[in-house]
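Q: Heads up: the protein sequence lines correspond to chains U and W, in order. The first sequence begins at 1 in this note's numbering and counts up by one. The second sequence begins at 1 in this note's numbering and counts up by one.
For the record, the hints were derived by calculation from the structure and aren't laboratory data. A few of these clues could be false.
List time: in silico EDC-like cross-link candidates among lysine to aspartate or glutamate, alpha-carbon distance up to 16 Å [claimed, not checked]:
| id | chain 1 | residue 1 | chain 2 | residue 2 |
| --- | --- | --- | --- | --- |
| 1 | W | K36 | W | E22 |
| 2 | W | K36 | U | D65 |
| 3 | W | K36 | U | E36 |
| 4 | W | K215 | W | D183 |
Anything over 12 Å on all C-beta distances counts as not near chain U; from chain W, calculated [to be verified]:
| id | residue |
| --- | --- |
| 5 | R13 |
| 6 | T26 |
| 7 | L30 |
| 8 | D34 |
| 9 | K36 |
| 10 | E73 |
| 11 | Q93 |
| 12 | K95 |
| 13 | F102 |
| 14 | K125 |
| 15 | A143 |
| 16 | P148 |
| 17 | T151 |
| 18 | L200 |
Think of the CB as a built atom: it goes at the ideal place given N, C-alpha and C, for glycine as much as any other residue.
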Amino acid sequence: MLIGGKVMACISPEGKPTESGTKILQALQAGLKTPEEIAREAGLPLFRVRSGLRELAQAGLVTQDGDRYELSAQGVATLCAWSG
Amino acid sequence: MEEVRQQVTRIPRIGEPSPPFEAVTTHGTLRLEDFKGSWLILFSHPADFTPVCTTEFIAFAQIYPELQKRGVELLGLSVDSVSSHIAWVRNIQEKTGIKIPFPIIADLNKEVSLAYGMIHPGQSKTETVRCVFIIDPNQIIRAILYYPLTTGRNMDEILRIIDALQTTDKHGVATPANWRPGDMVVVPPPNTVETAEERLKQGYECIDWYLCKKKL
């Protein structure tokens with residue numbers, strides 16, 4: 001998916017979160033987390049989590065509160081819709 | 001040629017902050033700051049689907065687990081497109097069974113290559129030479145290697161440099177020629193006459209006051 005002309009690794013061209021995007025969103029289901037906490041929980045490299053959070057925030061699926069992130073209402077809906 | 005030469009006047013040096021970038025990669029758009037807190041090996045190769053580069057990518061993939069144990073990430077770069085990178089890593093996996101697990105920058109506009117002095121016009125004005133920038137968790141450049149287009153890099157040496165730098169940071173020592181983990185390390189030389197005298201009484205293995213080694 002392209003947002004602002006940038007290649008998105010966390011969201012497919014169909015608007016579906018990719019495997020890594022889904023792992024990040026799922027890690028946020030329990031509430032606010034730092035990128036380091038998400039990386040540990042999702043089993044992803046920290047750089048992938050940081051870039052993924054940036055993409056998911058641009059897409060409106062997560063919001064940032066200081067150094068922590070949480071799912072937006074749109075993020076919850078997207079996770080429900082694509083995870084069945 | 002002259003235009004390219006003029007663009008490549010500044011090469012980042014050891015001890016300086018790594019030039020920041022935002023780049024399209026095979027793992028999405030990445031910024032240098034995304035790697036903060038990890039060691040990073042940023043390396044360039046001349047071109048996808050070329051023989052020496054393919055052997056190097058296989059070798060980098062093979063040392064990747066060892067690098068991860070040391071908290072090191074890998075980031076490749078060439079001036080090829082992301083589609084070319086994807087096709088190449090898929091081809092490597094299909095032909096050799098080896099998966100390339102790290103991202104590769106598609107530096108089509110040469111923004112990152114020029115910022116890191118990776119294009120050496122005397123070798124090629126269109127391709128990057130074989131550069132290795134070892135960047136620490138604070139994003140300071142700690143070591144740089146440059147190899148010509150015809151010479152593949154030595155993965156043992158890259159791992160050895162990482163081990164040496166991490167040992168230096170952890171223990172405040174230096175490492176002698178051909179050092180390997182487990183070998184004796186060099187104690188920093190004294191900088192006063194008094195400490196030079198004392199150094200010889202401290203039980204180190206000394207050739208003279210300025211060259212003392214110890215076991216860690």
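Q: A separate judgement is required for each hint: does it hold in the structure or not?
A: Taking the hints in turn, this is what the structure says about them:
1. K36/W with E22/W: 14 Å, holds
2. K36/W with D65/U: Judged against 16 Å, a Cα distance of about 20 Å means the pair is violated.
3. K36/W with E36/U: Given that 16 Å is the threshold and the Cα spacing comes to 11 Å, the pair holds.
4. K215/W with D183/W: 7 Å, holds
5. R13: 24 Å, holds
6. T26: 9 Å, violated
7. L30: 5 Å, violated
8. D34: 4 Å, violated
9. K36: K36/W is in fact no farther than 12 Å from some Cβ atom of chain U, at 8 Å.
10. E73: Violated, because the least Cβ-Cβ distance between E73/W and chain U comes to about 6 Å, which does not exceed 12 Å.
11. Q93: Given a closest Cβ separation of 17 Å, the condition holds.
12. K95: The assertion about K95/W holds, with a minimum of 25 Å to chain U.
13. F102: 9 Å, violated
14. K125: Given that every Cβ of chain U is farther than 12 Å from that of K125/W, nearest at about 27 Å, it holds.
15. A143: 20 Å, holds
16. P148: Non-interface label on P148/W holds, nearest chain U Cβ at 30 Å vs cutoff 12 Å.
17. T151: With a cut-off of 12 Å, T151/W remains clear of chain U, as the shortest Cβ separation is near 29 Å.
18. L200: 46 Å, holds
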